[in-house]
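*Asks:* Protein chains in written order, with my numbering: chain A, 654 to 767; chain B, 6 to 114.
It is worth saying that the hints were derived from the structure and are not from the lab. Computed from a prediction, not measured in an experiment: that's the story for all the values here. Each hint should be verified, as a subset may be incorrect.
Straight-line C-alpha distance at most 27 Å; calculated DSS-like pairs for lysine-lysine [unchecked claim]:
id : chain 1 : residue 1 : chain 2 : residue 2
1  : B       : K7        : A       : K718
2  : B       : K72       : B       : K47
3  : A       : K660      : B       : K47
4  : B       : K75       : B       : K101
5  : B       : K47       : A       : K718
6  : A       : K718      : B       : K101
7  : B       : K7        : A       : K660
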Amino acid sequence: SAVISQKPSRDICQRGTSLTIQCQVDSQVTMMFWYRQQPGQSLTLIATANQGSEATYESGFVIDKFPISRPNLTFSTLTVSNMSPEDSSIYLCSVVWSGSNEQFFGPGTRLTVL
Amino acid sequence: QKEVEQDPGPLSVPEGAIVSLNCTYSNSAFQYFMWYRQYSRKGPELLMYTYSSGNKEDGRFTAQVDKSSKYISLFIRDSQPSDSATYLCAMFNDYKLSFGAGTTVTVRA
Chain A
654 SAVISQKPSR DICQRGTSLT IQCQVDSQVT MMFWYRQQPG QSLTLIATAN QGSEATYESG
714 FVIDKFPISR PNLTFSTLTV SNMSPEDSSI YLCSVVWSGS NEQFFGPGTR LTVL
Chain B
6 QKEVEQDPGP LSVPEGAIVS LNCTYSNSAF QYFMWYRQYS RKGPELLMYT YSSGNKEDGR
66 FTAQVDKSSK YISLFIRDSQ PSDSATYLCA MFNDYKLSFG AGTTVTVRA
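All chains should be built: construct the whole structure from the sequences, respecting the hints.
*Replies:* Have a look at this one:
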């Protein structure tokens, strides 16, 4: 089966800095998404990463805070900008392959902001 | 009211017991229904995927959907300690997933 990887797997960052998280898939996918899972909470969709165009953000999430890139069909990045302790979460990318509605998740990036 | 309601538990059962997990939803537009399993410090793993009312079996797992009642269930037979995880229901519409809160399950050896 296809492999979804994320880098870094975890990081501890200082308040006010930014972190870019990478999501790499070993085969082309139709859609890529970014989710946040705050401690003890379920998953919340941040945005849909669109290839070659601006991401589509969900209510409560903005491009200035969470810029997203998707330069091709196998790779996307999410940046968490100007971080505060409230941004401490697990960030997950997920993908959907062509002809399927099933959504598969990467292993997640555990972010702690001090 | 949340679109998807799921009792967060926690749920603790002895090994070999049947685990019963449930979710209700309010949005009639949801087309597909999924159950994910998430181990601690891991990403969610897709367990079951259904799109019609009725039952779907896969090994020890049975997913049940009742669209008229807007109610879905997951049953785990002959539960094992390795089934200890958080189980999340998810509803799909227009390529977006809406998740329940997740139920934490512990199977005691």
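*Asks:* Compare the structure with each hint and give your call.
*Replies:* Structure-based check of all given hints:
no.: 1; hint: B/K7 - A/K718; in the structure: holds (25 Å)
no.: 2; hint: B/K72 - B/K47; in the structure: violated (31 Å)
no.: 3; hint: A/K660 - B/K47; in the structure: holds (14 Å)
no.: 4; hint: B/K75 - B/K101; in the structure: holds (18 Å)
no.: 5; hint: B/K47 - A/K718; in the structure: holds (25 Å)
no.: 6; hint: A/K718 - B/K101; in the structure: holds (21 Å)
no.: 7; hint: B/K7 - A/K660; in the structure: violated (32 Å)
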